[in-house]
Amino acid sequence: MTDISRLIEALKQAEQIEMEGIKVVADELELTVSPLSVLPAVKKVAPEYSVQTFEKPLVKYRGEVSPVRLGNTKAEGGTRNHSITVGGDKTMPFESENPSKPAVAFDVFDMKIPLPSPVRMHFEEVLEDPAEWAKLCVDKYGADMVTIHLISTDPGIKDTTAREAAKTVEDVLQAVKVPMIIGGSGNPDKDPEVLKKAAEAAQGERCLINSVSMNLDYKKIGSACLDNGHAVLSWTQLDINNQKTLNKHLFSIGLKKEDIIMDPTTAPLGYGLEFSFSTMERIRLAALKGDDDLQMPIASGTTNAWGAREAWMKAPEWGDWEKRGPLWEAVTAMSLWLAGCNLFMMICPTSIELFKSMVDVLSSDKKEITDDMNWIGL
Amino acid sequence: MRKKVGSLDIYKYLPKINCKKCGEKTCMAFGSQLIERKVELKDCPHLKRESLKSLEEILAPAVREVVFGELPVSIGGEEVLYRHELTYFNQTAIAIDIHDEMGKEELSKRIKFVNNFSHERIGETLTLQAIAIRNRSGDAAKFEKCVEETAKRTKKALILCSWNFEALNKALEIIGHKKPLIYAATKDTWKEVGGLAVKYNCPVAVFADNDISELKSVVNALQRMGIDDIVVDPGSRLGPCTLQLFVMLRRSAMDEDKVLNRPILGVPAAVYLQGGNGLKEAMAASLMMAKYADLIILHNIEIWALLPILTLRQNLYTDPRRPVRVEAGIKEFGSPDENSPVLLTTNFALTYYTVASDIESAKVDCYLIVLDTDGIGVEAAVAGRQLSASRVKKAIDETGIGKKVRHKKMAIPGLAARISGELEQLCGWKILIGPNDSSDIGKFIEGRWKA
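For the protein sequence lines, the chains are G and W, in the order given.
For the working numbering, add 19 to where a residue sits in the first sequence, where the first one is 1.
For the working numbering, add 5 to where a residue sits in the second sequence, where the first one is 1.
Hint data in this document are derived by calculation from the structure and do not stem from the laboratory.
If you're wondering where the values come from, they're calculated on a predicted model, not measured in any experiment.
Treat the hints with care, as some may be off.
Think about it this way: if two alpha-carbon atoms lie no more than 20 Å apart in a straight line, the pair counts; the simulated SDA-like pairs of lysine to any residue are [stated by the list, open to error]:
1) K204/W with P66/G
2) K147/W with K186/G
3) K147/W with N393/G
4) K177/G with I306/W
5) K79/G with Y87/W
6) K75/G with D262/W
7) K192/W with P66/G
8) K75/G with V85/W
9) K177/G with V85/W
10) K192/W with Y68/G
11) K448/W with K109/G
12) K196/W with S69/G
13) K263/W with P76/G
14) K109/G with R256/W
15) K333/G with I306/W
16) K117/W with K177/G
Based on the provided sequences and hints, a complete structural model is requested.
Structure (structure tokens):
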């Protein structure tokens with residue numbers, strides 16, 4: 020190869036050309052240099068440390084989430100020992116401070132239901148008595164909210180009457196003095212009547228009625244909430260537009276933002292969690308950006324995590340079930356918290372304790388949790 | 006916020022000749038695929054150098070991509086703060102720690118564990134990416150020996166963790182050519198450690214404890230040395246600050262901060278080692294992954310803890326652009342005949358793929374009716390009436406399953422048990438209640454179906 024062709028070859032690869040003391044002997048030499056590729060020679064900068072300033076890239080949001088208070092104390096005309104306020108968020112999680120910590124409600128069912136052993140082991144004695152079950156949650160596991168699920172009212176299960184179900188609600192309200200969530204069976208034909216009677220039985224206690232959806236008589240349930248001073252859970256299935264529509268319906272019957280919490284559906288870790296995660300993030304972002312129809316707290320039926328086979332199956336090849344199962348539920352809760360969720364309906368005391376302890380550490384004011392950052396030497 | 010790149014911004018640098026050599030019909034189409042990161046610049050044979058440079062600049066991800074390791078691991082390269090805005094690209098790499106005072110047996114057990122770990126989950130093989138070697142002793146010779154031993158036994162990417170420059174130096178003399186990640190350059194050691202990164206052409210992690218200004222200053226100093234492959238560690242305290250630092254770092258990258266646009270390293274192992282346990286470590290790992298860690302170092306290798314962590318990673322990095330529903334209709338598994346079982350599931354993609362993979366692994370010949378439930382899973386669809394007796398009847402009629410089999414017997418998901426009575430009346434088929442979880446389909450067919 021001649022020197023020239025080597026030069027041309029080299030030029031093709033080069034990013035910069037620096038020529039020094041060269042002599043070109045040629046009849047005619049044509050060098051085409053595109054102006055774009057002429058760069059000033061980069062000077063080698065001497066290594067140097069200069070202090071850089073950092074300003075937190077905080078976002079100023081236009082909107083905020085309304086706070087929803089659950090549980091009426093004596094002062095507010097109820098019999099609860101404390102009330103809990105959820106929501107009120109002003110930023111996305113961990114950008115800057117939000118006013119409320121996530122709240123957790125313990126699930127209680129109005130009849131004995133099959134439960135995986137890592138959950139059942141905590142409740143063996145009380146599975147047939149919802150009042151005792153609720154008491155155990157509060158006294159032993161420190162529950163500051165409980166959900167009573169009136170699943171026995173389903174015509175396909177026990178078809179318990181609305182009146183009997185209301186009696187159960189009264190029993191549980193009597194047994195524990197924490198704010199309460201009242202859930203139906205999920206049967207769209209029966210739930211309106213069951214939840215109406217339950218709302219009446221719990222009048223003045225400011226419970227959360229769980230839930231209304233597009234495919235049942237939401238007017239009947241919504242009005243019962245209004246008449247008896249309760250908040251309502253607006254349940255849709257991973258669809259923001261439906262969530263907006265349902266919320267609008269609820270507004271139109273007179274419920275306010277302060278009376279509504281949204282449940283956009285929780286899919287378990289490993290089985291669609293990402294849909295719930297992104298739906299919640301999108302709802303919260305829309306709320307902060309000013310969408311009036313979505314400026315309410317978000318709730319999660321985190322217990323659904325136990326529907327994942329990695330949670331409910333003993334499967335020894337997947338390691339200690341008594342750790343894996345609860346961790347499955349706790350990780351589901353943790354990730355949804357980071358997506359903006361405010362209220363968690365959970366079932367396993369081990370999961371709840373783990374989740375709550377992480378929340379405490381992460382939202383405490385103490386700046387120094389551990390002072391030894393030399394993890395290499397530990 | 007970072008300006009969104011439009012296809013016109015790209016198009017003007019493309020050859021505009023629609024030669025189709027890239028596999029796309031037009032240059033315009035190629036441009037929009039570039040934005041979606043579904044094709045690469047090198048797929049276009051006609052790009053001029055200047056255009057290539059401009060395009061590289063325009064298309065550079067908000068977070069720089071860093072590659073390290075003998076079996077290369079890519080981290081960073083992210084474009085968005087929230088996954089629904091596009092997708093997350095490079096899964097959080099997971100490293101397991103070992104140290105230079107560990108007994109031989111334990112060391113070899115942990116290395117083997119990382120090498121061999123693999124878990125099949127819904128069509129994906131989940132693995133571990135790296136080993137982090139800690140210079141626990143603080144002694145350079147001990148570290149060198151441990152690094153040498155480890156490198157002999159694994160091809161997994163390595164992270165060399167030491168505060169001692171001499172230890173890093175010795176280790177790099179041996180394995181510098183394997184492109185390990187060097188941990189860490191600090192305010193005090195950046196010049197020496199940066200020098201090693203230059204000499205061995207290895208990426209380097211910067212550590213500054215809970216102080217982003219300091220972190221930024223060190224990264225800036227390294228940049229001035231000509232180092233581009235930098236990972237940042239703002240300190241992994243299990244406190245309120247860590248997570249906020251992660252969020253601020255990632256937001257800075259999206260705001261086009263050209264110093265802090267780096268992959269983030271989180272160390273859940275620090276949570277474990279500072280008097281925590283496997284449960285807390287797994288929770289810390291989860292929250293770091295959900296909020297932007299591109300690389301994490303774990304201590305606990307119990308499978309009960311790794312499963313949820315790996316599963317969460319799989320979930321977060323699932324491409325949200327992928328459809329949620331599969332086509333409704335009849336699917337055949339194996340070679341079914343007129344006596345084969347008929348099963349029912351929903352057209353929610355996740356449910357369908359789970360059921361399909363369970364049927365395949367059970368090696369059952371059967372028909373599966375995929376019901377259009379608007380892409381909703383079984384339990385929720387029963388509650389929301391997308392899985393109702395009338396819809397199933399409609400599917401039976403429309404799919405013509407009655408002509409494919411001689412029996413009139415169908416198994417529905419256990420979680421849809423409550424519609425069985427109404428369904429039997431409505432369609433006149435015998436309805437069996439299948440297992441609650443499709444992993445039991447094999448057992449169910451052998452037992453209850455045949456009984």
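Here is what the structure says about each hint:
no.: 1; hint: K204/W with P66/G; verdict: holds, 14 Å
no.: 2; hint: K147/W with K186/G; verdict: violated, 71 Å
no.: 3; hint: K147/W with N393/G; verdict: holds, 18 Å
no.: 4; hint: K177/G with I306/W; verdict: violated, 46 Å
no.: 5; hint: K79/G with Y87/W; verdict: holds, 17 Å
no.: 6; hint: K75/G with D262/W; verdict: holds, 11 Å
no.: 7; hint: K192/W with P66/G; verdict: holds, 13 Å
no.: 8; hint: K75/G with V85/W; verdict: holds, 18 Å
no.: 9; hint: K177/G with V85/W; verdict: violated, 50 Å
no.: 10; hint: K192/W with Y68/G; verdict: holds, 8 Å
no.: 11; hint: K448/W with K109/G; verdict: violated, 51 Å
no.: 12; hint: K196/W with S69/G; verdict: holds, 12 Å
no.: 13; hint: K263/W with P76/G; verdict: holds, 14 Å
no.: 14; hint: K109/G with R256/W; verdict: holds, 17 Å
no.: 15; hint: K333/G with I306/W; verdict: holds, 19 Å
no.: 16; hint: K117/W with K177/G; verdict: violated, 54 Å
Checked against the numbered hints given earlier, this structure breaks hints 2, 4, 9, 11, 16; the rest are met.
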